[in-house]
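Asker: If you read the protein sequences in the order shown, they are chains A and B. Heads up: the first sequence runs through residues 1 to 356, numbered per the UniProt record's numbering. Heads up: the second sequence runs through residues 1 to 356, numbered per the UniProt record's numbering.
Calculated from the structure, these hints are not laboratory results. Here the structure is a predicted model, which is why all the values come from computation and not from measurement. The reader is advised that the hints may include incorrect statements.
Stated by the list, open to error - Simulated restraints on C-beta separations:
1) B:D343 with A:A101: 51 to 59 Å
2) A:E123 with B:E321: 51 to 59 Å
3) A:R325 with B:R126: 34 to 42 Å
4) B:H342 with A:A209: 50 to 58 Å
5) B:A56 with A:S140: 51 to 59 Å
6) A:E123 with B:P329: 29 to 37 Å
Glycine is no exception: its CB is placed at the ideal position from the N, C-alpha and C atoms.
2 protein chains.
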Amino acid sequence: MSKPPAAPPRRPERAATAHDVARRAGVSQSAVSRAFTPGASVSAATRARVEEAAAALGYRPNLIARSLITRRSSIVGVAVAYLDNPFYAALLDALSVALEATGHRVLLFTARPGANTDPILEEVLRYRVDALVLASVGLSSRFARECRQAGVPVVLVNRRSEDDGAACITGDNAGGAALIARFLAAGGHRRPAFLAGLEDASTSREREAGFATELAALGFGPPLRAVGHYDFGRAEAATRVLLSAAAPPDALFCANDHMGFAALGVARREFGGLPVSVVGFDDAGPAGWAALGLTTYSQPLRPMVDRVVTALMRQMLAPDEAPLRETVPGALLLRGSAREPHDGVSLQDGERVWRG
Amino acid sequence: MSKPPAAPPRRPERAATAHDVARRAGVSQSAVSRAFTPGASVSAATRARVEEAAAALGYRPNLIARSLITRRSSIVGVAVAYLDNPFYAALLDALSVALEATGHRVLLFTARPGANTDPILEEVLRYRVDALVLASVGLSSRFARECRQAGVPVVLVNRRSEDDGAACITGDNAGGAALIARFLAAGGHRRPAFLAGLEDASTSREREAGFATELAALGFGPPLRAVGHYDFGRAEAATRVLLSAAAPPDALFCANDHMGFAALGVARREFGGLPVSVVGFDDAGPAGWAALGLTTYSQPLRPMVDRVVTALMRQMLAPDEAPLRETVPGALLLRGSAREPHDGVSLQDGERVWRG
Chain A
1 MSKPPAAPPR RPERAATAHD VARRAGVSQS AVSRAFTPGA SVSAATRARV EEAAAALGYR
61 PNLIARSLIT RRSSIVGVAV AYLDNPFYAA LLDALSVALE ATGHRVLLFT ARPGANTDPI
121 LEEVLRYRVD ALVLASVGLS SRFARECRQA GVPVVLVNRR SEDDGAACIT GDNAGGAALI
181 ARFLAAGGHR RPAFLAGLED ASTSREREAG FATELAALGF GPPLRAVGHY DFGRAEAATR
241 VLLSAAAPPD ALFCANDHMG FAALGVARRE FGGLPVSVVG FDDAGPAGWA ALGLTTYSQP
301 LRPMVDRVVT ALMRQMLAPD EAPLRETVPG ALLLRGSARE PHDGVSLQDG ERVWRG
Chain B
1 MSKPPAAPPR RPERAATAHD VARRAGVSQS AVSRAFTPGA SVSAATRARV EEAAAALGYR
61 PNLIARSLIT RRSSIVGVAV AYLDNPFYAA LLDALSVALE ATGHRVLLFT ARPGANTDPI
121 LEEVLRYRVD ALVLASVGLS SRFARECRQA GVPVVLVNRR SEDDGAACIT GDNAGGAALI
181 ARFLAAGGHR RPAFLAGLED ASTSREREAG FATELAALGF GPPLRAVGHY DFGRAEAATR
241 VLLSAAAPPD ALFCANDHMG FAALGVARRE FGGLPVSVVG FDDAGPAGWA ALGLTTYSQP
301 LRPMVDRVVT ALMRQMLAPD EAPLRETVPG ALLLRGSARE PHDGVSLQDG ERVWRG
């Protein structure tokens, strides 16, 4: 086999400029610029002439150079802590599609759970991102202040910050957890337990509080408790401890689906079938797989991502308004991993749900 | 509750410059630049002085502006087709971490399976990315040529291109599939079937050819066949058709794990237990979950991502060398979803494997 031809130099000798394209198309340079700006006003005929000339000359608008003029990079930084959790992979996918529709691209930052993310976020700002989305990543008040000073909108998803200068879009942690408590009680469970995520995460704290408060209102004592730290292996270990107890729980509410999958495996493989009802929170993709079938309270991706985009746009266009802080309601989806009450089951979009 | 204070203007009145930092730190402007360039030579004392002055002034180097001078953006474009497939989510995570270690960040592009990706890739080039990684996304020869002209290295992962100007890092599609054929034969299976992915994807074609060729060498006729298009729902439907046949298969090799999870669900929930052995390809995270347990041939992420980074660096630093085209070997991991031969099972890194 012959060696492929030597690669050309890293950049072409002289790249075509907007000026070259304008001359060839017989239009103004500003028309060329508008033709390549999403949403800018330009006639179809002009756009076609510009695109034809650009193709002939191999012209490609330099978004990076443009960002120095417009002070917009068309880039949104997205920090995600858990890509091994399928809920966040799906969230990232949906975010990428939604932001693309607004003319933005995602610059990805992976953070390690529990680690201090300030150094990473500092770096994000050096890329002059137009905005920042933090998915299950904490926001220090110091960094929140820096972002405000730099004029970079920040939206938290599935995490609430104490600092009310940042927008937060969350699922219905308290309401969903209370519904799960009523569901387990109505299903005849006597010894419910809670499998906590990271102790300092607002998601885990709010879900636990909603669950325990509702159980108390129903006359139960404080639920049994173990901590899985939102980690698969540690959730397996915590489930083993709970199910090996002298008086094991008969129901286990896991603070997210990812830990629910771990609990299901331990219950089914190590404790003979499913001696305990398992309920998750998220409706991550695999929860709906027939081979798994995890009953769970959903955090609906589409509406959540829509609200994230709305929150970003609002901060960009109306920085004087208070940032959006919204709770998106979900539904309790019945997939077979928990014993069900006789009443209250209905169908919604082809899924069996429990409304209490 | 009182309204939060009005947000400041989008950009501060006058941002601190490298010049301001140099003056305050009492060093040259070039020392400031070196202090913020990963890998650049600068003494620890100078770096500390610069960082202190930068912090005091709120200075943040503008990577975007720098990229116009260095002609490097420190950004690598990554296009992924299937984020709902956990294998690609994990690949993206590992890539992001590995590229970060080389001073790069990931600009994410999500492509739809089977769609023409040229328009998206065109846009990637406008961001002046330093390089492009395509994960299970096809590369047209037209676009490959454009990237060569623009001097942008391209590496394909888990997809092979006809064009030998692009680097390709793949798992051992042919070897792994042949091993699965020997494994199923040794386990006493008589009617093996293949569940194909996208018909035009090199992964599906190479796995099918390796499987069928080895089965023929073992004296089997052509395997039964159905097409799942790498789509969960279509893989479920294809499995239903295969298992409902008058003479159903007794083993099903799925072209990837994601379809394997679909097949497992249909077999277990709709055909009473596991009447058929199911084997996947990838070792996506959930394959190892106790609640699923999918026997599969692995594509080891760490070595694959290491090779991707090596391939990128080689093209950046030695563009005259032929691009890397490498196959990374995996292992057949036994997780219980397929009947096993009596012989040939051993332990490797705590996992049961079959070496044939």
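Asker: Against each hint, give a clear statement of whether it holds in the structure.
Answerer: Hints versus structure:
1. Evaluation of the 51 to 59 Å hint for D343 (chain B) and A101 (chain A) yields a pass: the beta carbon distance comes to about 56 Å.
2. As the Cβ distance of E123 (chain A) to E321 (chain B) is approximately 31 Å, the hint placing it in 51 to 59 Å is violated.
3. The supplied range of 34 to 42 Å is met by R325 (chain A) and R126 (chain B), whose beta-carbon atoms lie about 35 Å from each other.
4. Distance hint check: the CB atoms of H342 (chain B) and A209 (chain A) are about 54 Å apart, consistent with the given range 50 to 58 Å.
5. Look at A56 (chain B) against S140 (chain A): about 19 Å separates their beta carbons, and that is not inside 51 to 59 Å.
6. Separation of E123 (chain A) from P329 (chain B) is about 36 Å and conforms to the stated range, judged on CB atoms against 29 to 37 Å.
Hint compliance for this structure: hints 2 and 5 are broken, all remaining hints hold.
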